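Asker: The primary structure of each chain is shown beneath.
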Amino acid sequence: MKKQLDNIWIGREDLLKEDAFMQSAEKEFAKEEIHYADMASNLAGNRRDFLKFLGFGLGAATIAAGCDFPVKKAIPYVIKPDQIVPGVANYYASTFVNGGDYCPVLVKTREGRPIKIEGNDLSTITGGGTSARAQASVLSLYDTNRFTGPKMKSGSGWKDSSWAEMDKIVSTTISTSNNIRILTNTIMSPTARKAISEFTNKYTNAKVVTYDPVSASALLDANEQNFGIRAVPTYKFDLADIIVSFNADFLGSWISPIEYAAAYAKGRKISDIKQAKMSRHIQVESHMSLTGSNADNRILVKPSEQGTAIAHLYNEITGGSVGTTGLNAKAKKALSKTAAELKAAAGRCLVVSASANINEQLMINAINNALGSYEATIDMSSPSYQRQGNDTDLKTLIGDINSGNVDLLIIHGSNPVYDTIYGTQLAALMPKIKNKISFATVNDETTDLCDVVAPSNHYLESWGDVEAKKGHYTLIQPTISPLFDTRQAELSMLIWAGSANIDLAKEQPYYEYLKESWRTGTFTSQNEYSSFQSFWDSVVHDGIFSVKNESAFSFKNVSIGEVSKPASSELEISFFETAQMANGQYSGNPWLMEMADPVTRTSWGNYLAVPVDFDGVKTMVGYKNLVDGELVELTIGKKKVTLPVIQQFGQMPGTVSLALGYGRTQAGNTGSNVGVNVNDCLTAGPDGPLYFNTNVSVSERVGKEKEFSCVQYHHTIGVKGIDKETNKEINADEAALVFFDYFTGVKGFQGALTDRSVIYTSNVKELKNSIEHLQERRKDAQHLNEQQIYGGFDEKYSLGHHWGMHVDLNACIGCGTCAVACMSENNVPVVGKREVSRHHEMTWLRIDRYYYGDVENPNTIYQPMMCQHCDNAPCENVCPVNATNHSSEGLNQMAYNRCIGTRYCANNCPYKVRRFNWLDYTKADIWPANQPRLQEESVPFMADNLTRMVLNPDVTVRSRGVIEKCSFCVQRIQEGKLTAKTEGRLLNDRDVRTACQTSCPTGAITFGDMNNKSGELTSKLESPLNYIALEEINVRSSVTYTMKINNRDKSFDA
Amino acid sequence: MSAVVSPIRKPLITGNKTYHQITEDLISPTEKTPTKEWVIGFIISVSVLTWGVFCILWTIWVGIGSWNLNRTINWSWDITNFVWWIGIGHAGTLISAILLLFRQKWRTGVNRAAEAMTIFAVMCAGLFPLIHMGRIWLAMFILPYPNTRGPLWPNFNSPLLWDVFAISTYLTVSVLFWYTGLVPDFATVRDRAKGLRRKIYNTLSFGWTGSAKHWQRWESLSLVLAGLATPLVLSVHTIVSFDFATSVIPGWHTTIFPPYFVAGAIFSGFAMVLTLMIITRKLFNLQDYITIEHIESMNKVILLTGTIVGVAYLTELFIAWYSGYVYEQFAFFNRALGPYWWAYFGMMFCNVVSPQFFWKKSFRRNVTLTFFLSIVVNIGMWFERFVIIATTLARDYLPSSWSLYSPSWVEIGIYLGTFGLFFTCFLIFARVAPVVAVAEIKHILKSAGDQYIGENNKGKHQQHGISNSEHH
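First to last, the protein sequences are chains D and B. The numbering of the first sequence is the working numbering, which starts it at 1 and goes up by one. The numbering of the second sequence is the working numbering, which starts it at 1 and goes up by one.
Just so you know, these hints were derived from the structure itself, not from any lab. Be aware that one or more of the hints could be misleading.
[To be verified] Selected chain D positions facing chain B (in silico; Cβ < 10 angstroms):
#1 ILE8
#2 ILE10
#3 LYS704
#4 GLU707
#5 VAL878
#6 ILE1033
Every value quoted in this text rests on a predicted model; they were computed, and no experiment measured them. Where is the CB? At the ideal position from N, CA and C, for every residue including glycine.
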């Protein structure tokens, strides 16, 4: 500070102008630190710092005192377990099994909690793929509706019991029972079968009755007649050039969909462009199944015409003369063409059917035999045990119960009151049975009518083994101690049988039993390992063990009887199993309930699929003028239900269809009273239930569904129909986009959908032209993109990693496994029916489904759509607070803590993949008052403390009011990078694989580093079939799709 | 201000007013007991405002999920209302600033109310960007303040951030302008008041004495503020239009937006001024100050801007067609013929067809028709924003994600609530301050009063070249 006047001084030093003082006076801000004698050196500060601390301290204290944050308790490890490193995941090989559903898996556990299911790559059956059901199975471990211990019926409710008490009571019951029946779904476990046989050996009046919720009994019976083996053969879809499926949904739900999908996709991928070759798939069905949607040609036959359709093909191929009257002429013609194709490709083709009529299955076998499939595409030498149900046994059982011949019914993992055709009858008969015991883990319709529940473990808490195919063993090992006071059903059976082979003093008696069973069984049938311990260690480690154990087989001709006759009724309804819900076994699982159906794109309920047609002007007219989401009264025989409809492209006129597995009454918070149950509407056929009904009528509209939960309102991209006025072929869907034409009569904006660079399709025969067209379009787009002032950061992205993804649309079958895997990996909340109906679903990855081609019988394309991680991302520059930004590795990142929820990014996303937390779906908000109760449950899905155990600790749970979206599994990227770094090597493809990629049964998704020139992704990016969705808008997406190729023969439609 | 006034100019103040009469007419409403109409209006306004506040609290408490937005249509009524109110808020500054610079004397009759309207409209508008946030409690993140997070700054590339600056600047300048004009008038109120009222108005008028120095500074400040505010008239809505124009969504991404939005804003602003002034002049008997001449002038502006807007609509359609770009073409096709065709039709009719009535002089001077059309215009301008925002988002690039939208009761409640806020503020304003700028009216009395010019005073002032400043 400059002195103004010399005669003013502020002290002796100043007056005398002492040097030291003058120097320090020159500097207003003294550099010397002031040392306080009593202050620790690391806290040294000056007056300003003190004031800062004081101000901050006061402010923080005020805020902290004012807000009452809920206390969430976490308990640290007092003694750290050896195997667990906090923050590092352990993987255990196990097997997902539910009845006949099978998937060898690796279970990811974190701090002792199973949180994610991965496929086991070592499996020769599934090849590491998974299904939506397998992915979601980890959530059912933490189902809040699980039985917490043994229970006894008391009035209409349950009374807690103890295992000791229960064993005593049950033992008395068993020993006093004259006729014991064990009712079970397919059991693939040799050891479990052994345990049950110990029981049936002890109590010779006990019999096991096996059925499957969706019957494959006729197929098994036919095989028994033809081969003497009551089993499903191994189908080799990859070796078939022509696949004909009669109503068998082999990609979605039929027998072993993961295995079939993987093989099927091999024949669908285009590897060599010059000599493009792909299998040809013809589906004969009435409703659009997941498999049918992937087919090249669909031959439409009414459900009751299935038999004659098979018969017609049988006649054409084998020269038989089974009556085919009633089969529609168009189908007849197309089937004749199919027969010609099949004959030309004999030895390289495969015919399958889901028919529940033995004679029809016998014909299928005869067709396959005539075509030489048994040497080539069907392998009977390693039969599959994935379906073992016997409908005749079930029928007999019901008869026995009816006549009072059963006094103890043991329900083993099945729910016959709901999922059999005898459900209503059985429910009424249950009181007639003196004692009923259930092993159910969760209450269901059947268990609710039992007296005793001896709850079994979830498979993730159990020991067990599986023999899905002859000689193919997998092991089930527990990944967590039982959460509740439950006991494995097998162990209960052994205890009740008083088995001498079980040592209850051991900590895990069934484990010892299992091990012993392997020591005396599988171990002896191999010669790879000499010591049992090393053999056992390897099996537990790998989860898989195969022995060559082929059985000889020969085809035996049998005479073929009557097929089902076509009905003359005006309307027929078919019932089908969906990939997610099966026949209700999975309706208690929120992930599967919320998963949009691959075909209809609806969730939370079954929708009556009605045929739709173009009126030639500007409307897609549904059956009886019904519009999506309208309610109708459906009458099937005596049953009358009100349910919503959905216009289904590809649904045969004169038919409607409805999914099984809904309308359960005892399926916890999630599944109860969602949709309608039609298991009692199946037709009783000669050999078992037939999955259709001809005595059906649909009323006019009676209302509108309040919560129409369909995530996709527009279903098509360029379905072609005939314009009524000009008689020319136009894009019918584009004409139908016009709601009001100001009396100008415009036929929509032709090209409005087809000229979009969203999907590219081609027939395999026109591939050359299509590729040229695609390349031209891409060149145009790239030319446009060059005319820009945005410099970009390509140079930066060319260094280090640059993450990208490739999705092969020819491999994608739309099964939805990736969508569920994504929910599981990334803690995506379940929002419930009401929120889905408001388009508030939170899925980071969705599978868009579009129909194209013929409006009456279209082809389908599935397009997995997730954040495209654009390198010129429109979402990033519009965020006012930088909450979403780009990493140097090309990732589009979200900083949830920074997000204030303006949703501008979501508006500006061309792919509409950004999701907003509209309400407090996760209970992560600081205000607890606004958690939505979605299905009248007490806390939101995924917010219960038990359910929250499934959360991935590596992924933040998002609170209300923030945007979220696909992160390319950034937590996996970080983990992979760390692994490579600690191992001191370069990152490779295996280090980082996204959840969608690992879950995919067909290998449609490839993730990787675009800068890694030797990586798998780079090689995939070379294909001329590739395109970038919406390339012309220059957002520089990092996700590449392939053109969808079909092998349709247009002459089929004539 | 002195000027030679052409004899063919119509007088802007009728009724042969003296300075005292002007004071009486314009100040007395602040001194009398409120009229029955005012009380009823006030009760209604406050009730609606209360409902709006409830709906806003509901939104904050429950979440944006209480609105019917969805994963495809992430903005709808919220931003529609925001742009609509901001547009309405444009007339005030235009009248105050641009017309002042252009020496348009007719502005003095309406500028005070128009400025007040601007401020209240901007307040209503400013609400929406705040409450549409998912986490309003973190709204301070959009402000560039030093912080301990790096420091982490807002994203200066984001049009939403530009909005923050544009709107806050606009509000600040508008308030300053309005208040500056009020200072001498508050002094006039003070001079007639007693007791506490006097003290309050004395404070409000900053001790204004009416000295020549005060007047000189006052005039300078007005001019400086006018100079500052003029670019704002153009910039605010330009920046609001950037919210859409800088995006990639077809139908939003158009370069025509800035001029088109500004014209639309002036259009709707003048319509709202007319709606309000026609009511006010009736209620407070101000027909002598807000004359048919004023109404006609404003109708001319409406005709002009309405036609500009119409040309913009047609240009958009032409460019969409001419671009050969399927997304753009479909976006406009969809606007006109898609599920929301009625909104587009309503917009076209209200904004382009209805102002064409004003080509006819007798219609321009018809108060009833003007009142009716001013409301029609504002309905049309609301539709315009709805069409741009909701119907564009409803069907964008990927057909799989197309969706539909209709408002929830909360969204409707908030929109109604802003009317409550607007009219509550306006009614309070009409009670505490003169709704017509007293001092400025007095300025022009001798150049625009009917006893000095026009029919009543043929040839008189031509000789004298009346200057009114000496009469203060």
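Asker: The structure should be examined with respect to each hint, and the outcome stated for every one.
Answerer: Tested hints:
Evaluation of the ILE8 of chain D hint against chain B yields a violated restraint, the C-beta minimum of about 38 angstroms exceeding 10 angstroms. For ILE10 of chain D, the interface hint is violated, the least distance from its beta-carbon to any beta-carbon of chain B being 35 angstroms, above 10 angstroms. Hint status for LYS704 of chain D: violated, given a least beta-carbon distance of 13 angstroms to chain B, over 10 angstroms. A cut of 10 angstroms between beta carbons decides the hint on GLU707 of chain D: the least distance to chain B is about 13 angstroms, and the hint is violated.
Hint status for VAL878 of chain D: holds, given a least beta-carbon distance of 5 angstroms to chain B, under 10 angstroms. Checking ILE1033 of chain D against chain B by beta carbon gives a least distance of about 5 angstroms; that is within 10 angstroms, so the hint holds.
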